[in-house]
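For chain A, the structure is supplied; the task is to place chain B on it using the hints.
Line by line, the protein sequences are chains A and B.
Numbering that gives the first Met the number 0 applies: residue 0 is where the first sequence begins, and numbers increase by one.
Numbering that gives the first Met the number 0 applies: residue 0 is where the second sequence begins, and numbers increase by one.
Just to be clear, a hint being listed does not mean it is correct.
To be verified - Taking CB as the label site, the calculated pair distances span:
hint: 1; chain 1: B; residue 1: 39; chain 2: A; residue 2: 39; range: 45 to 55 Å
hint: 2; chain 1: B; residue 1: 36; chain 2: A; residue 2: 20; range: 19 to 29 Å
hint: 3; chain 1: A; residue 1: 16; chain 2: B; residue 2: 76; range: 39 to 49 Å
hint: 4; chain 1: B; residue 1: 12; chain 2: A; residue 2: 18; range: 41 to 51 Å
hint: 5; chain 1: A; residue 1: 51; chain 2: B; residue 2: 38; range: 33 to 43 Å
hint: 6; chain 1: B; residue 1: 12; chain 2: A; residue 2: 31; range: 24 to 34 Å
Stated by the list, open to error - Calculated cross-link-like contacts (lysine-lysine; reagent style DSSO-like; alpha-carbon spacing at most 27 Å):
hint: 7; chain 1: A; residue 1: 61; chain 2: B; residue 2: 53
hint: 8; chain 1: A; residue 1: 31; chain 2: B; residue 2: 53
hint: 9; chain 1: A; residue 1: 18; chain 2: B; residue 2: 100
hint: 10; chain 1: A; residue 1: 31; chain 2: B; residue 2: 52
hint: 11; chain 1: A; residue 1: 18; chain 2: A; residue 2: 31
hint: 12; chain 1: A; residue 1: 61; chain 2: B; residue 2: 52
Please keep in mind that the hints were generated in silico from the structure rather than gathered at the bench.
Ideal Cβ placement from N, Cα and C applies to all residues, glycine included.
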Amino acid sequence: MMAEFHKKRKRVCRFCEDKVRTIDFHNDRLLKRFINERGKIVPRRISGNCAFHQRRLTTAVKRARHLAIIPFTSEIFR
Amino acid sequence: MQVYETTFILSPQADDAAFDRQINAITNLINKFNGKLLHEDRWGIRRLAYPIKKFNQGFYTRMIFEGNGALLEEIERHFKIEEPYLRYLTVIFEGDLERIKGGRQDEISDDRRDFRRGGRDDDDSDRGPRRRFNRDDDDSSSDRKPYRRFNRVDENRGSGSSNDKSDSDSGNA
Numbered sequence: 000m001m002a003e004f005h006k007k008r009k010r011v012c013r014f015c016e017d018k019v020r021t022i023d024f025h026n027d028r029l030l031k032r033f034i035n036e037r038g039k040i041v042p043r044r045i046s047g048n049c050a051f052h053q054r055r056l057t058t059a060v061k062r063a064r065h066l067a068i069i070p071f072t073s074e075i076f077r
Numbered sequence: 000m001q002v003y004e005t006t007f008i009l010s011p012q013a014d015d016a017a018f019d020r021q022i023n024a025i026t027n028l029i030n031k032f033n034g035k036l037l038h039e040d041r042w043g044i045r046r047l048a049y050p051i052k053k054f055n056q057g058f059y060t061r062m063i064f065e066g067n068g069a070l071l072e073e074i075e076r077h078f079k080i081e082e083p084y085l086r087y088l089t090v091i092f093e094g095d096l097e098r099i100k101g102g103r104q105d106e107i108s109d110d111r112r113d114f115r116r117g118g119r120d121d122d123d124s125d126r127g128p129r130r131r132f133n134r135d136d137d138d139s140s141s142d143r144k145p146y147r148r149f150n151r152v153d154e155n156r157g158s159g160s161s162n163d164k165s166d167s168d169s170g171n172a
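Bound-form chain A, shown alone:
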């Protein structure tokens, strides 16, 4: 019975799958998929990204925030 709860689902990094090497910080549509409603970066354990791409994603998100491409925080929580 417990085994059903602990069913392992193998997640593969979406960037690795598509062989993306660099993450463009101008691409808001892409970045928005990896931030939550508050504008926080979604952790690797949830998004399933590999360490390499999570690092790249983090820098991309931070650059995009500086350029007001994506928000630091949501309008509602301000």
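Positioned in the frame of chain A, the structure of chain B alone reads:
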């Protein structure tokens, strides 16, 4: 020489001529320092994710160019001096120039469910259920209890019986 990219936001108050003037100023700087403009992309007026200097919109331009450190210093100095720049960011360019020139953006495959929408009731959600600790607790308690009980019982029985024996012996003598 290194390839850099710079993205800047111009104040939406200015007119088209002013946008042209500012962008040309950067282009002139690049030429002056023997740099090479590889790509210029004017996004036009775009909504800002948060207000900057009380503006809700801005004119975005992205430039990819080749140059040296002196050029970068001069460009950054220009950004600081000139009024209409709301934001700027210059970084080492990494990416596929041909791809960008073709106007294509990297997308990741979208066939799977969005992990952010994972509901608890949904069995197929990417996010698993909350962790459960009950199982571990049960295991440890079931291990410990019988062991202790066994020890205590053994001790009592052994000491009790020996005392009884010695008492009865002394009484008889």
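Status of the hints after comparison with the structure:
Look at residue 39 (chain B) against residue 39 (chain A): about 34 Å separates their beta carbons, and that is not inside 45 to 55 Å. Checked against the given bound of 19 to 29 Å, the beta carbons of residue 36 (chain B) and residue 20 (chain A), roughly 24 Å apart, stay inside it. The given range of 39 to 49 Å is respected by residue 16 (chain A) and residue 76 (chain B), whose C-beta atoms sit roughly 43 Å from each other. For residue 12 (chain B) and residue 18 (chain A), the hinted distance range of 41 to 51 Å is satisfied, since their beta carbons lie about 43 Å from each other.
Evaluation of the 33 to 43 Å hint for residue 51 (chain A) and residue 38 (chain B) yields a failure: the beta carbon distance comes to about 26 Å. Checked against the given bound of 24 to 34 Å, the beta carbons of residue 12 (chain B) and residue 31 (chain A), roughly 28 Å apart, stay inside it. Distance check on the hinted pair: residue 61 (chain A) and residue 53 (chain B) sit about 21 Å apart at the alpha-carbon level, within 27 Å; holds. Proposed proximity of residue 31 (chain A) and residue 53 (chain B) is supported: the alpha carbons are some 24 Å apart, at most 27 Å.
Pair hint residue 18 (chain A) plus residue 100 (chain B) holds up; C-alpha atoms about 20 Å apart against a cutoff of 27 Å. About 24 Å separates the Cα atoms of residue 31 (chain A) and residue 52 (chain B), which keeps this hinted pair within 27 Å; it holds. Note on residue 18 (chain A) and residue 31 (chain A): the hinted pairing holds, with a Cα-Cα distance of about 20 Å set against a maximum of 27 Å. For the proposed pair residue 61 (chain A) and residue 52 (chain B), the alpha carbon gap of about 20 Å is at most 27 Å, so the pair holds.
In summary, the numbered hints that this structure violates are 1 and 5.
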